[in-house]
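> The residues making up each chain are set out below.
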Amino acid sequence: AQKVTQAQTEISVVEKEDVTLDCVYETRDTTYYLFWYKQPPSGELVFLIRRNSFDEQNEISGRYSWNFQKSTSSFNFTITASQVVDSAVYFCALSFDQTGANNLFFGTGTRLTVIP
Amino acid sequence: GAGVSQSPRYKVAKRGQDVALRCDPISGHVSLFWYQQALGQGPEFLTYFQNEAQLDKSGLPSDRFFAERPEGSVSTLKIQRTQQEDSAVYLCASSLRIGNEQFFGPGTRLTVL
Chain D
1 AQKVTQAQTE ISVVEKEDVT LDCVYETRDT TYYLFWYKQP PSGELVFLIR RNSFDEQNEI
61 SGRYSWNFQK STSSFNFTIT ASQVVDSAVY FCALSFDQTG ANNLFFGTGT RLTVIP
Chain U
1 GAGVSQSPRY KVAKRGQDVA LRCDPISGHV SLFWYQQALG QGPEFLTYFQ NEAQLDKSGL
61 PSDRFFAERP EGSVSTLKIQ RTQQEDSAVY LCASSLRIGN EQFFGPGTRL TVL
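Residue numbers (the numbering used here), protein chains in the order written: chain D, 1 to 116; chain U, 1 to 113.
Next comes chain U alone, as it looks inside the complex (with noise of 0.2 Å):
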């Protein structure tokens, strides 16, 4: 497709199971973003990637949070021991370079129970 994607689309975990969100930018696209987007609330970022290097960590939450993108297309958002303080929606977004529009996918919006 042409656009950002993202799966699973929705996911429930129960408290202390590890997930993995997936998001396939735009082909071409060099930077990839990810941001949690809590019920109500504008989203906040939470890393950035130029290619595979991930040069901004600073919004991950804790160190149960961590983000791979190691052929510089196709990236991982993973949280371990998931607590209910997570739940939210994750978007990803590309852009085709620094400066420019993103463009966002249609999100996952993940539930701990």
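Next comes chain D alone, as it looks inside the complex (with noise of 0.2 Å):
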């Protein structure tokens, strides 16, 4: 079975502190694909990052960090210096390597209030 799991439902920091939100999942398959998505208020979900299984290389891209760790089946998201427009609900989502099928299954999500 296929579960990703967010167990921080809600999380409220201090503009210019750093949080990191947490992203378990479950998967028998080899090969798969993680995602997160950010949804502001407005609604639209906006891609933030993907990675594939084979690629456990931490990333980096100016605020956001992301660490995928396959030995404990966790893909976090690390924001340093929030900022008040990092608020949103993150939502982050497990999809596979297969023909006809690539939907995303979606964790409930981390609601993020960055106070000012």
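Any given hint might turn out to be false.
Claimed, not checked - Pair ranges (Cβ atoms, derived): (1) 80(U) - 11(D): 37 to 43 Å; (2) 72(U) - 113(D): 29 to 35 Å; (3) 53(U) - 30(D): 24 to 30 Å; (4) 83(D) - 55(U): 36 to 42 Å; (5) 18(U) - 11(D): 39 to 45 Å; (6) 63(D) - 18(U): 17 to 23 Å.
Derived from the structure by calculation, the hints contain no laboratory data.
Built from N, CA and C at the ideal position, the CB exists for glycine as well.
Combine both chains into one complex, guided by the hints.
The structure is reproduced here in structure tokens:
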């Protein structure tokens, strides 16, 4: 069975603090993809990152960084020096390398509030 | 426009009415997905098209839900005899090819009274 767990329902931080959003996944497939999406109050899901299961190298993009660890089935997301504009719901998602089907399995999301 | 567009953005229907939701994917994107997002939840998969072929409709909650993409571009999600439990945001996404990241539209918020 495929499952994505985001245990943190809501997080509040003060501006300029660092924050880590946790994501744990379950799958029996050896080839899969992991994603993070941001959903601001406007409602549109914004793609942030995609990783495949064979690439465990951590990635940094500006204030964003991602830590992928297959040993713990985790794909955590850190925002450094948070800003008010980072306030949104963040979703972790999982998909598979199958012809004919590549739908995303989403977690329940973490609502991040950055307080000025 | 360059992104995925959806119309209408908001739809209010009386219970029992039929509704049709439209999605215009990014030009050239082969894959198109529909998701349903209930309040406070993550999106849940409904159905998937590769060009005009509907390859997976396992997520459609009942036979009242029907989707089509006849020319491999624009897609329509139709819900017949709407029920209150159909109230949700319906999201459309497209991707260039299988396995690529999906780009989402703004969604249609459906409220069934």
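> If I claimed the Cβ atoms of residue 53(U) and residue 30(D) lie 24 to 30 Å apart, would that claim hold in this structure?
holds (27 Å)
> Within 37 to 43 Å or not, the Cβ separation of residue 80(U) and residue 11(D)?
Hint holds: Cβ distance 41 Å, inside 37 to 43 Å.
> Taking 36 to 42 Å as the hint, is the beta-carbon distance of residue 83(D) and residue 55(U) inside that range?
With Cβ atoms ~41 Å apart, the hint holds.
> Given the range 39 to 45 Å, decide if the beta-carbon distance of residue 18(U) to residue 11(D) lies inside it.
Between residue 18(U) and residue 11(D), where Cβ atoms are some 41 Å apart, the hint holds.
> Okay, residue 63(D) versus residue 18(U) on CB: inside 17 to 23 Å?
violated (46 Å)
> Has the hinted range 29 to 35 Å been met by the Cβ atoms of residue 72(U) and residue 113(D)?
violated (41 Å)
Violated hints for the displayed structure, listed by number in ascending order: 2 and 6.
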